[in-house]
Each structure stands twice: as C-alpha cells, then as structure tokens.
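S.K.: Line by line, the protein sequences give chains A and B. Quick note: the first sequence, position 129, residue 129 per our numbering, numbers continuous. Quick note: the second sequence, position 344, residue 344 per our numbering, numbers continuous.
Derived by calculation from the structure, the hints in this document are not laboratory data. Warning: the hint list may mix true and false statements.
If you want the footprint, here are the derived chain A segments under chain B, 3+ residues with CB under 8 Å [claimed, not checked]:
(1) 18 to 27
(2) 32 to 46
Across the chosen pairs, the derived CB separations fall in these ranges [claimed, not checked]:
(3) B:Trp252 / A:Lys53: 37 to 43 Å
(4) A:Glu77 / B:Asp324: 45 to 51 Å
(5) B:Arg4 / A:Asn8: 39 to 45 Å
Note that this is a predicted model, so its numbers are computed, not measured. We treat Cβ as the ideally placed atom computed from N, Cα and C, and that holds for glycine.
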Amino acid sequence: MATNIPGNLKYTKEHEWALVDGSTVAIGITDFAQSALGDIVFLEVPEVGAEVKTGTTFGVVESIKSVSDLYSPVSGEVVAKNNDLESSPEKINEDAYGSWLIKVKVKNSSDLENLMSPEQYQEFCNSSH
Amino acid sequence: MTLRTQLYEEHVKLGAKIVPFAGWDMPVQYTSVKDEVLAIRNSAGVFDVSHMGEFFLEGTDAEAFADYLVTNDILSAPTGKAVYSPLCRENGTVIDDLIVYKLSPGRVLICVNASNIEKDFAWIKSKHVGFSCNLSDRSQDYSLVALQGPASFKILSTVVQDLPDLEYYSVHECGFGSKQVIVARTGYTGEDGFEIFGDHETIKSLWQKFMTLKVVPCGLAARDVLRLEVCYPLYGHELSDEVNPYDAGLGWTVKLAKPKFIGKDALAKKPVKFKLVKLLLEKGIPREGYPVLNAAREVIGAVTSGTMSVVLNKGIAFARINLDKAPADEVFLVDIRQKPYEAQLVKKPFVTGGHK
C-alpha cells in the first residue's frame, strides 16, 4: 500500500506520528491510519493539564463504523489541544499530518529514541499490512 | 473457507475494502461510507447482496405453506406482492426475518439472511409436512443486487424491458437482454429502489451495466447506516433466537387473526420481556453493547446497533431495554467509555426515507 510518510516525523506501531519541537511533541495519526479508518466523525482527547503515558491510550478516534484507541508516543503533560478538530474531525482525513491532536511537554527525552524513523515506519506498514 | 459472490472480482477492480461477513468476503466500502450513504439518499447506489439466501416454494400449497411458516399474513396479499415477516419457533422466538415474494400462483420466493440460510432451510424442511408444494434452496443459483435511491426507477427502466411502475413491496419478472430477472420494489435503505434476482451471469451483466451508468457501488457499511437511520432491525442485533417479534418492535407483523401459524399459541399470550427503543445523541456515538442507563445511572439495557447518522451527523441507536426497568420519565443515558451521555428517546425513525 502506497502511503504518505513525511521525513521530519517519528512514528509508533499504532500509527501515530510525533513532531518534535524542542521539549514539546505534537501528536497526530498517520495518513495510513486515516485511510484505514475511513470517514472520521468523532475525536476525544484529554484536556490541557492532563498527563499522558507512553504506549497507553490517551483518547479515541471514531469513524462511522469503528472506534480506535489513540496511543501516546511519549509521557508528559498535555499543553495544547487542537479544538478545531472536535467540531471538524474530518480534517484528519483531509490532512493527517496537518492535523495535530494534542501537544505534550515531554518528561523523558529517551521516549523519543524508541519511536520509529520514517524508513522504519514505511517498512512496518509494508510488512504488517 | 470464506465464500465469494460472483461479483467479487468486480468489487476488487473497483478498489473495494473487503471484509468477512457471515462467512462471505463482502465489500464493506468502496470510497467513503458517507458518500455512499448520500448517493443513495440523494440519487442512486447499488449493493451486491448475493450472499443472501433464496428458497422457492412451488406447487398448489406454496402460499399456504409460507403463510403457516411466518407470522405475517401471506394468504391475504395478492399475487405480485412481497411481505416482510419474522420466522418464529413454536415458543415465538425469532429464527430469522425474511421477505416472502408471491411471484405467481403456486410460486413463492423467500429471501433470507445469509448467516441463517442453513438454519432456516433445516427448519422449513422440518415443517414441510402435509403441504403440496416443492421446497428448494436455490441460494447457490441466484445472485442479487439492490439498486436503491430516488433515481432508481428512472435508471432501471432504461436497463430492463417493460418495467412497470410497481407499487412498494411488489414483484414482477422482467426481461434483461435475453434473460429474465425477478424485480422487486423492496430494499433495506428506506429509499425507493429495487432488488433484482437472477442467475449469476445475468446479474453480473446488470451490475456492469449499472457501473457504466455511473451508479455508485455501495458497501455493507453504508447499508448498515442506511437501515439504522430508517430504523429497520437487523438479525443478530435487534432480532435473535432469544427474542420474540414483540420484543423487537415487530408486533405489527404478528397476525393473530390468522387461523394457524407456527408460534401462534405462544405469541397470543404476548410474552414481552423487552422494549426496543430509538435513541438520538447530541454528543457521542453509541455502539453495540454499550450499556443504557436510567436517571439514577442504573443499567436498564444495552445498545443493539449504533452509529453516527450521516444525514443527521448525530449518534443514533437501537437499544433493548428490560421492560420491567423501562423508565417512566423516559430519561435515557448511554454509557460510552464509562461516561454517561444523554440520549433522547425518539418515536419516529431518525430519517424519513423516500420510498413509495
């Protein structure tokens, strides 16, 4: 499956992307994920101030027919939430990499080292699907 | 092993996402569920539903046997009509829901759910005593497509020969090329439309004809949203071996005035345990299995089918409520991931289809 995987991001096995900007990380879902889900109609993410933990669920994204958990690539405090997406979750389908869900202040920078590079993620998508 | 309909290669060519359903590899969506739903509400779309089962009753007692098998009234309906009905056991529980098509005197087609073909046929065969008609399972010989949406009549009348402006729930045999197809003005979307039965090659040509006419191919996901928007029950969800027609809001299909039918004695006592309700959520999407709560946050039932309505852009659900817990104040909440969301009890279907 041909898929769009930007070179400046890091990735999880659950198809989230992370954009690192200093000690803050913006988190979204990949183009592969939005395409697999289909029409996204609902998004639930934590409020600013909440704590998220690496590899555990921090919210859900729902398409018309399915509910999928979102897994955090890093641990830390939520410092921003993309409010636009709550009323227009279809923007994730239109532009998966332009649609960050939350921004997290990273507690432990070693979390970032465990994420996949674009090349590793490409290989992961090829081998597992 | 999973089964494939004769249109499987067509679906693959169209880029459909294929999923296993009732033992079959079926197209769940082609492009977008939303676009497919809207195509059918606004113009026309077509489904491959060849996985469904076709039984024939042929002979003098075909109508009488069908009438004895099901709860609804087959004998009173004129030839050329189709009748929706549950198929029940002696104790009143639902084996399946189906449509009986009165094709011609002494010739009846019964269309059943794919997942229940074997169960239904075994049941019907076991009751085939004392009726002068032949019973056959022709599911392997027939393909079935459903053309649905307000433009359906206009489209189909250019494709098949001499299509009459059939009444809703009527059936007629029409020519298509040199072949005959069974055309019924029925469907599972609430819109005007037709279900067309025929042999595999004929239905494949018909499907291809629809594609050249730019009819939108639609998958099972859109079909499920469409049927839930207009509040049609689905076997395995609202209907099952555990409930009777009254439990599922299908009391209107039980014709106790008929002299004799399987399940009559049990159903005459109105053994109701559940109430099927329609719930509309301003926020949150209800899903099958989510608990339904009363104002005191006690569990009173569960969602049997739930989705986001494409037309309303709101969460909609059927929920089965224990009758003894049905709240007098009509306050319902749906527990979504351990959070209660307010749900409005709705009396009419969420969406009004445009069928005749």
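S.K.: Taking the earlier hints as the rules, which of them does this structure contradict?
M.R.: The structure breaks hints 1 and 3; every other hint is satisfied.
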